[in-house]
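Q: My request is simple: use the sequences and hints to build the entire structure.
Chains B and D are the protein sequences, given in the same order. If you're matching positions, the first sequence starts at 2 in our numbering and goes up one per residue. If you're matching positions, the second sequence starts at 2 in our numbering and goes up one per residue.
Only true hints are included.
Each pair may be met inside one copy or between any two copies, as identical chains are not told apart.
Computed list of lysine-lysine pairs in DSSO-like fashion (alpha-carbon distance at most 27 Å, straight line):
1. Lys706 / Lys684
2. Lys775 / Lys854
3. Lys783 / Lys854
4. Lys225 / Lys253
5. Lys799 / Lys853
Hint data in this document are derived by calculation from the structure and do not stem from the laboratory.
There are 2 protein chains.
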Amino acid sequence: MKHATRTAPQKTASVPEEVKTKDDHAEKGDTAKYVYLFGEVEQVEEKVGRDWQQVRALLGGKGANLADMTRIGVPVPPGFTVTTEACIAYLSTGGKFAEDVWEQELAAVAAIEEATEKKLGNPDNPLLVSCRSGAKFSMPGMMDTILNIGLNGEVAEKWVERGTDPRFVYDSYRRLVQMFGSVVLAVPDEEFEAVITGRRKDAGVSSDAELSAADWMAVTAKFKEIVKTHSGSEFPTDPYQQLKQATEAVFKSWNGKRAIDYRNAAGIPHDLGTAVTIQTMVFGNRGNDCATGVAMSRNASSGEAELEGDFLINAQGEDVVAGIRHTQPLGDLKKRMPQLYDEFQEIAVKLEKHYRNMQDMEFTIEKSKLWLLQTRDGKRTAQAEVRIAVDMVEEGLISKEEAVRRVQPAQVDFFLHPQLEAKARAEAQLMARGLNVSPGAAVGIVAFDADIAERWAKQDGRDVIMVRPETRPDDVHGMLASQGILTSRGGRTSHAALVARQFGKPAVVGVGELDINLDARQMSIGEQLLINEGDWISLDGTAGEVFLGKLPTEVPDVSNPYLLKILSWADEIRTLEVWANADYPNDARRAREYGAQGIGLCRTEHMFFESERLPVVRRMIMAKTPAERKEAIEKLLPLQRKDFEGLFRAMEGHPVIIRLIDPPLHEFLPSYDQLIQELADLKVRLQHFDTLIEIDNALAEIQVKSHYLERVQALREMNPMLGTRGVRLGILIPDLTTMQVRAIFEAACKCAKEGVDAQPEVMIPLTCHANELKVQQTELEKAAREVMQEQGIHIKYKFGTMIEIPRAALTADELAEFAEFFSFGTNDLTQTVFGISRDDAEAGFLVHYIQKKILPENPFASLDSGGVGKLMKMAVKLGRETRPNLEVGICGEHGGDPQSILLCHQLGLNYVSCSPFRVPVARLAAAHAALQEKA
Amino acid sequence: MKHATRTAPQKTASVPEEVKTKDDHAEKGDTAKYVYLFGEVEQVEEKVGRDWQQVRALLGGKGANLADMTRIGVPVPPGFTVTTEACIAYLSTGGKFAEDVWEQELAAVAAIEEATEKKLGNPDNPLLVSCRSGAKFSMPGMMDTILNIGLNGEVAEKWVERGTDPRFVYDSYRRLVQMFGSVVLAVPDEEFEAVITGRRKDAGVSSDAELSAADWMAVTAKFKEIVKTHSGSEFPTDPYQQLKQATEAVFKSWNGKRAIDYRNAAGIPHDLGTAVTIQTMVFGNRGNDCATGVAMSRNASSGEAELEGDFLINAQGEDVVAGIRHTQPLGDLKKRMPQLYDEFQEIAVKLEKHYRNMQDMEFTIEKSKLWLLQTRDGKRTAQAEVRIAVDMVEEGLISKEEAVRRVQPAQVDFFLHPQLEAKARAEAQLMARGLNVSPGAAVGIVAFDADIAERWAKQDGRDVIMVRPETRPDDVHGMLASQGILTSRGGRTSHAALVARQFGKPAVVGVGELDINLDARQMSIGEQLLINEGDWISLDGTAGEVFLGKLPTEVPDVSNPYLLKILSWADEIRTLEVWANADYPNDARRAREYGAQGIGLCRTEHMFFESERLPVVRRMIMAKTPAERKEAIEKLLPLQRKDFEGLFRAMEGHPVIIRLIDPPLHEFLPSYDQLIQELADLKVRLQHFDTLIEIDNALAEIQVKSHYLERVQALREMNPMLGTRGVRLGILIPDLTTMQVRAIFEAACKCAKEGVDAQPEVMIPLTCHANELKVQQTELEKAAREVMQEQGIHIKYKFGTMIEIPRAALTADELAEFAEFFSFGTNDLTQTVFGISRDDAEAGFLVHYIQKKILPENPFASLDSGGVGKLMKMAVKLGRETRPNLEVGICGEHGGDPQSILLCHQLGLNYVSCSPFRVPVARLAAAHAALQEKA
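A: Take a look at the structure:
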């Protein structure tokens with residue numbers, strides 16, 4: 002059967018009546034325009050006032066992009082878009098095409114026919130088109146693609162007659178019937194798949210690729226039967242009918258249940274409607290002068306400025322993606338089709354220039370003609386991101402601000418930690434998931450206590466992962482010696498998490514399913530998996546995952562010149578300073594290397610846990626007389642002085658905020674439960690000793706431990722978080738804080754005499770009332786002045802306070818009478834503002850709260866702007882009312898969190914202080930905050 | 002030696018020259034007036050614009066009062082006052098009398114001489130005067146009194162010659178020399194006292210009263226020698242010299258070190274100066290027509306309107322006060338000197354009318370002439386205070402407002418608790434002091450656990466004091482059965498303190514020195530005092546004191562008609578409502594009796610601790626499956642419904658706020674430490690059992706307890722105060738809160754059907770984010786509506802939330818989108834705003850903080866207006882922005898504290914809610930708040 006060539010729409014059985022009226026209307030030009038050819042994008046822009054978002058609203062994202070590519074002269078298969086207005090009109094009239102939508106569509110088809118020199122439904126020279134939905138926002142649940150519209154039995158037959166591979170033709174035809182059936186006529190797709198499966202079985206083959214042309218012909222026939230059975234009418238062989246029904250199906254899919262649900266969840270308005278894009282089909286599988294492929298305009302791994310991609314000769318797009326056939330690198334195209342390769346390269350440059358970003362492109366070559374099917378911003382690695390951003394600035398494509406804005410904080414973080422090799426990771430056995438509290442990969446053998454971890458690491462030079470139910474301050478030496486830390490309990494701000502982040506050790510904590518048997522030196526997960534001490538495991542602290550075995554790692558380079566460039570630009574942009582939390586000279590040096598402009602928090606008590614000091618600290622706590630206590634305190638002075646000296650040297654010329662002792666004293670003693678257990682054990686063992694010496698030793702140990710127990714019981718608190726800590730301790734034991742201040746100023750004076758510019762700032766923690774500062778600060782400043790007088794030198798210094806208790810924020814005006822600086826301790830402030838104990842909640846109800854969206858996110862990870870932030874704002878305002886030049890910063894965990902850094906910028910803080918490993922991230926985030934403010 | 006009678010000042014060696022010029026000046030009348038006779042008060046008032054405070058500023062408190070009494074015709078010994086202006090002038094010129102101050106003083110002396118018909122320095126008819134300082138504000142450290150100015154050797158001699166008792170005369174003379182010497186000439190008083198001591202020794206007597214006239218003559222002579230030795234000059238025998246030097250000494254004492262220190266401490270300005278009051282001496286000890294005494298214008302114990310007092314014939318004022326001689330009741334004066342008694346009575350009435358208050362008066366009768374020496378508002382008991390206030394309103398002396406203002410909250414509180422009899426208390430053995438957490442007296446035998454306390458009280462009908470290291474919820478039955486509670490640990494808001502106040506049980510807690518040995522059933526204090534279970538002790542919960550033995554008590558009457566009158570007037574004045582915290586119908590009934598207008602807090606969980614319910618509650622907590630848990634919860638429903646029914650009936654027509662379950666679940670289980678101990682004991686005992694049954698039972702018990710232990714460990718929290726409580730529980734176990742809401746509404750519907758107007762208000766505790774209300778309240782309101790639909794009746798109800806977390810206050814506008822009422826839980830709010838755990842701090846650093854004035858007062862006793870109050874203010878404002886008719890109250894412990902009630906009034910709260918026993922106090926305090934606002 003042959004159709005006459007149609008140079009203009011004809012009124013036939015299959016061509017609707019409206020065709021005629023369409024022309025009339027078009028001539029009259031008095032109706033709205035609902036259909037735009039890709040080449041008519043200028044008209045659209047004119048209509049919506051040159052607002053690209055409005056263009057997208059009218060044409061949908063896909064239609065707008067194809068039109069945009071067409072405009073800049075990229076070869077895109079011709080097509081047109083039916084606007085979202087047409088959809089809205091169709092839906093609001095209960096399913097009728099508005100005015101002459103269909104007529105305009107037919108006119109557009111005619112225009113394509115002219116452009117392609119093909120005809121829809123003409124078996125001798127058939128035009129095939131695809132039909133796709135496209136809303137302003139990408140939206141799952143909308144109608145899928147229908148390909149190959151325009152095919153029918155006659156067209157197929159003729160096509161084969163003209164020498165086209167019959168297998169290709171009938172595979173294409175059955176696809177049309179299948180897609181049309183399931184999408185337009187709502188035939189369950191399983192029924193079609195069942196036919197194919199049956200056919201494979203009958204043919205005795207295992208893949209679709211092995212089915213023959215005859216098989217696909219038979220399948221197509223079967224598909225048509227299914228369509229008829231289900232829809233009650235024949236599959237429309239009339240291409241116009243196919244097109245019209247497909248258009249309507251797209252319109253209707255806007256109000257499909259899944260689409261509505263998605264819009265409700267995502268907060269997308271329901272009155273936007275969807276556009277319909279109709280585009281000429283092109284085929285890369287019609288011979289050896291055909292090809293198809295995907296390409297990136299730059300190397301997606303390294304960012305190098307070279308085309309990169311894969312292609313296949315005589316193949317369909319899906320063949321490339323599916324990876325069934327072995328693809329060729331794009332370089333080979335240069336050899337096979339040098340002219341087309343050059344053309345493609347020119348197009349890539351054009352697209353990059355236009356979109357000012359690296360492009361991810363799909364192309365097809367049909368009969369030696371290159372077509373671009375799609376382009377979008379390409380996904381890339383962190384390394385590629387920074388390099389491309391820097392290169393594009395140098396190429397004049399984007400501004401420095403744009404480059405900085407493009408790099409994400411997580412991408413900077415990537416450079417700071419080793420990573421598990423992606424491939425090995427994908428194949429490894431995932432043991433368990435926990436909280437991703439400290440990023441990076443760590444691989445090592447399991448050690449169940451700090452001493453073993455340290456011994457294996459230091460003496461035997463082995464890589465160790467320290468595994469504990471939870472960690473305590475006296476585990477720190479083991480943690481430092483380990484590659485990474487794994488715990489079964491604890492939350493995002495547990496001891497393990499805090500220490501791990503502080504020292505840049507990858508860590509996964511709170512792995513509830515991990516059952517650790519310290520006696521048996523084993524851990525298990527469920528019934529199956531048993532791991533012995535000494536076995537290899539691998540941690541991904543970035544993802545919070547634990548793998549069995551020894552996985553390979555790769556280490557990105559923090560001194561990557563592109564990264565350094567981006568960060569230097571970020572420094573030019575940001576107004577917020579970035580300081581670091583560092584307790585030791587080593588950390589301070591690292592912080593400086595990473596760009597820290599000061600130390601925002603030095604926790605003096607961490608020094609107390611070191612092995613040679615802990616006995617002295619314990620002697621101080623256990624002292625029976627003030628004199629005994631004073632003696633112990635004086636022993637600590639030279640040690641602390643030495644620590645501070647190192648810090649001042651490392652931070653020369655930059656401020657160093659030193660926090661006076663903060664934790665409750667019982668933290669320096671063995672735990673209550675542990676002592677009870679040890680005493681019970683000792684008493685049992687006592688009965689089995691034979692020699693007097695053994696018994697004597699045991700009795701002495703019992704006495705010591707009983708003494709500890711007594712003190713621990715006296716110091717025990719119901720709610721230690723709200724107990725005798727911080728300045729409360731300082732006021733109860735002024736000797737201790739006075740010693741610390743002496744150590745600070747003696748160190749500073751010594752440095753100053755040697756020409757080192759030391760800038761100590763003494764920070765008083767946990768203040769809740771101005772009188773605390775009045776009492777404590779007055780006494781401490783006196784000690785400071787005494788030291789400077791003794792040493793005969795004056796040091797520039799400040800005294801200030803943490804703001805970590807709501808009352809401190811509420812009375813910040815009064816505190817600022819004394820304090821020369823504020824530092825927000827947002828960990829504790831979040832705890833008290835929320836009334837949440839992070840130790841308990843992060844492994845408890847908080848998980849449920851976040852899952853159920855009762856809290857939008859974990860307030861210990863990102864600052865709660867509605868509550869904590871509001872209080873901070875008040876404190877900044879009140880504080881600066883009293884003291885306009887008040888220095889205000891943040892030293893809580895939030896100081897390294899980009900979202901929190903934005904808030905800190907908005908609150909007008911002077912600096913954020915975070916762990917040294919977060920400093921580069923914070924520098925970038927601070928720049929983002931400044932950029933966001935400008936925008 | 003005799004002086005000629007001086008009718009006018011003469012120029013003699015002893016009379017200064019200025020005397021002459023004085024008259025000139027007086028005639029010229031062109032100098033300022035610095036000296037005012039008592040009778041010249043009108044002139045003073047004119048000068049300062051009729052402002053009594055200014056009169057006091059010029060004449061000092063003492064001078065002003067004497068002048069005031071003189072004005073209203075009360076017989077006051079004549080005198081005059083040198084103004085504070087004279088003092089300031091004197092001091093500012095470096096110690097020179099301004100202009101004619103001294104001349105005016107001489108003229109005033111002349112006026113007194115005329116009035117008394119006596120002459121200063123005239124041995125035949127000598128005028129003796131006293132000289133006293135008097136500043137605007139009473140001030141220790143100012144100059145003491147000098148009596149008997151005008152005496153010298155000659156005057157004394159003649160006086161004796163004219164028949165005056167020589168012992169009296171020379172005692173008076175040595176007093177002048179002594180006072181003048183020590184006060185004016187700064188001779189150390191010890192030197193004088195040493196002379197008297199030596200004299201007593203020589204005379205072989207033990208008291209001054211036994212020394213003879215000759216002794217005092219000798220002492221006087223010796224005193225004069227001492228003066229000469231110390232000051233370098235003779236004691237001035239010239240009376241004018243005495244007067245002038247005394248006046249100057251008063252002036253100078255204004256700048257004495259003690260006075261300056263006191264003013265600095267009390268914030269009194271340093272430029273006020275002191276006045277000098279010179280007054281004629283009168284003597285009650287010059288014969289049997291003389292007397293002296295003190296009297297109250299009304300009965301200071303009962304408030305009855307009758308004169309009451311003591312006097313002595315022929316005695317000095319100090320004899321009455323010292324209690325050496327046996328005084329006579331004032332009634333006897335009526336018999337002895339009826340006319341003078343009547344005159345005194347008239348004066349008392351006159352003074353009361355003038356001062357509109359009960360007066361405490363000193364009087365002296367010299368030669369049958371009555372003189373009033375002093376009057377001031379009289380101290381009185383609580384009973385007297387309320388009766389006098391009411392009587393004076395009825396007598397038209399004061400307004401109702403004034404009556405209400407006069408009665409202090411502590412005086413109302415007095416009526417609500419038994420008291421230890423004052424006399425017995427003074428003589429009893431004080432065992433120890435602790436925190437006075439619940440007022441009133443309790444007397445009983447010591448019981449060391451709740452079961453024994455209950456058995457002894459209920460079965461044996463004995464009065465019991467329950468003594469524990471600290472109490473737990475499962476001790477409540479014993480606490481209820483006891484007269485009072487004593488603990489060695491815990492603070493002002495410990496469990497013991499809260500429960501005691503709730504039930505009006507006197508309690509002393511936190512008696513640190515108390516060493517309780519539960520095994521030995523003994524307690525001890527130090528090495529000495531050992532008390533066995535069953536021994537009698539007495540508690541004073543008002544003072545926080547513990548006495549050994551069984552002390553008698555007295556019970557003031559809360560239905561005292563005067564008290565009720567005062568409270569009814571308070572109700573007319575106040576705008577703040579007073580509600581009560583009550584968990585049981587009995588409490589609610591008492592609260593109503595005491596005037597509560599609603600229940601502000603019913604703690605549903607208290608019901609869970611009752612003996613028949615606790616096993617069900619524990620079954621719920623221990624449930625292994627949701628079904629098991631649901632079953633237990635359903636068992637609780639009818640019990641809770643019954644509770645609520647009782648409450649609604651008791652509070653008919655008034656709102657009842659019911660708080661959903663609040664405490665962490667582990668509070669319903671045995672404590673961790675207890676379980677560990679019990680399990681250890683069981684395992685030891687296991688080894689000594691013989692029979693299989695014993696062993697089986699023990700094993701079963703071990704299993705149960707191990708099961709408990711496991712759950713307790715799982716529920717254990719580092720900081721339970723900030724843990725899984727309140728709405729967090731409600732969200733985790735919605736079945737539980739839904740059951741509670743069903744019970745509330747089933748009860749309300751039942752009541753309503755029987756015609757009882759039930760007004761439930763459901764309160765969600767510990768909210769920190771609006772989403773918590775969104776989730777929980779939505780679900781609960783659904784349950785409420787279901788019940789009402791089932792029952793076919795509609796109840797007026799509200800849903801609301803506690804504001805006890807800073808974030809709730811900070812986001813009150815968001816919370817008010819859901820909550821129809823707010824109730825400030827200021828106990829927890831104070832803990833979180835300060836970052837202080839009350840359990841730990843009240844027996845810890847908080848004590849130190851309050852002692853050292855770092856905190857002005859315990860913020861758990863009185864609301865911290867600077868921090869907590871500021872946050873409350875913000876919450877009220879934000880809440881009412883969203884919901885203008887938002888009901889706002891307070892249900893924390895502060896609701897019964899007068900100072901906090903004032904703050905609540907100022908914040909615009911609708912009500913305060915406190916323990917039933919504090920309701921009358923709160924009614925008064927609320928009226929005070931309203932009055933203060935008006936003022």
